[in-house]
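Chains as they are written, first to last, in the numbering used here: chain A, 1 to 124; chain B, 1 to 167.
Keep in mind that a hint or two might mislead.
[What the hints assert, rightly or not] No more than 30 Å apart at the CA atoms, straight line, and that leaves these computed lysine-lysine pairs for DSSO-like:
1) A/86 to B/55
2) B/163 to A/6
3) B/7 to B/163
4) B/7 to A/6
5) A/37 to A/4
6) B/55 to B/163
7) A/37 to A/47
8) A/86 to A/70
9) B/7 to B/55
10) A/47 to A/70
11) A/37 to A/6
12) A/47 to B/55
[As the list claims (entries may be wrong)] Label pairs and their in silico Cβ distance ranges:
13) B/70 to A/53: 42 to 52 Å
14) B/30 to A/46: 35 to 45 Å
15) A/7 to B/163: 34 to 44 Å
Note that these hints are calculated values from the structure, not bench results.
Ideal Cβ positions, reconstructed from N, Cα and C, are used throughout, including at glycine.
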Amino acid sequence: MKAKLKRGDTVIIAAVLLLALSIFLIFAFGIFSQEGKSALLTFEGGKKTFSLAENTEFSFESNGYRLTLKTQNGQIYIESSDCPDKTCVHSGRISRQGQMIACVPAEVTLRITGEGGAYDFVAG
Amino acid sequence: MTSLRVKRLSLDAMLLCVAMMLSYLEAILPLSFIIPLPGAKPGLANVAIMLCFYKLSPIDALFISTTRVFLSALLFGNISSLAFSVSGAILAYLGMWLCDFLGERVSYYGISVLCAALHNIGQMLAGALVLGSFSIISYLPLLLVFSVIFGLLTGTIITTLGKLRFK
Numbered sequence: 001m002k003a004k005l006k007r008g009d010t011v012i013i014a015a016v017l018l019l020a021l022s023i024f025l026i027f028a029f030g031i032f033s034q035e036g037k038s039a040l041l042t043f044e045g046g047k048k049t050f051s052l053a054e055n056t057e058f059s060f061e062s063n064g065y066r067l068t069l070k071t072q073n074g075q076i077y078i079e080s081s082d083c084p085d086k087t088c089v090h091s092g093r094i095s096r097q098g099q100m101i102a103c104v105p106a107e108v109t110l111r112i113t114g115e116g117g118a119y120d121f122v123a124g
Numbered sequence: 001m002t003s004l005r006v007k008r009l010s011l012d013a014m015l016l017c018v019a020m021m022l023s024y025l026e027a028i029l030p031l032s033f034i035i036p037l038p039g040a041k042p043g044l045a046n047v048a049i050m051l052c053f054y055k056l057s058p059i060d061a062l063f064i065s066t067t068r069v070f071l072s073a074l075l076f077g078n079i080s081s082l083a084f085s086v087s088g089a090i091l092a093y094l095g096m097w098l099c100d101f102l103g104e105r106v107s108y109y110g111i112s113v114l115c116a117a118l119h120n121i122g123q124m125l126a127g128a129l130v131l132g133s134f135s136i137i138s139y140l141p142l143l144l145v146f147s148v149i150f151g152l153l154t155g156t157i158i159t160t161l162g163k164l165r166f167k
């Protein structure tokens with residue numbers, strides 16, 4: 001009788017979870033999302049939107065740290081920061097919708113705006 | 001034998017009713033309060049279809065599954081939910097069929113997890129086609145994790161009910 005959990009079941013469950021993980025990773029790296037047109041910066045001083053079409057440089061202060069961001073060739077990145085961990089600088093360049101850079105000590109987030117993340121509708 | 005055909009027809013009709021009732025139960029249960037995820041459902045109707053597949057025959061299960069999809073779209077859904085359900089149901093049916101070949105190597109637990117996962121994959125593929133965008137698939141990993149949990153739940157129900165005599 002088919003009663004206990006068998007090896008085949010374990011293989012199926014592992015395969016499903018592995019598939020879930022790989023799809024998640026694919027989306028975490030933004031392979032299917034489209035190139036964004038603008039980026040939204042939130043910092044202590046408020047919010048600011050940058051167009052990715054033009055090359056700009058912007059320096060600002062947030063939570064006692066000084067950061068510089070740059071847009072270049074449709075990509076945006078944090079060029080320098082005097083925060084201790086520099087995760088935001090190491091996050092590199094982002095350009096696809098939904099991608100984001102965060103600097104926790106300075107309380108700064110930089111996000112490419114556009115669709116993504118929200119559910120379009122629900123299947124019955 | 002006429003009496004056997006009548007018995008089979010009655011059993012099919014009864015299992016279809018059970019599947020419909022379970023679909024309805026899922027539609028009215030306030031599940032979104034417990035799990036705040038749209039689309040995450042236990043897939044209870046699959047219990048009836050899987051029991052039919054393994055206890056009666058794959059043909060009966062195909063009949064019940066198709067009829068259930070169309071009837072529940074007619075009663076509780078709309079055209080787009082029909083497209084999602086059809087593709088989900090087809091993939092889940094293929095999953096059952098595949099597991100039939102694996103025989104004793106898999107139990108009802110594995111089969112129902114596989115069917116739940118395939119159902120979600122089918123729905124998401126239909127959704128991506130309807131929307132013309134892959135962004136909806138980013139929601140699939142969460143649904144797959146839930147299909148493992150709910151698949152084990154329905155697997156338990158099927159294992160318990162599977163001890164009953166059907167024919």
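Exercise. Quick one: which hint numbers does this structure break? Sort them smallest to largest.
Key: 1, 4, 5, 11, 12, 15
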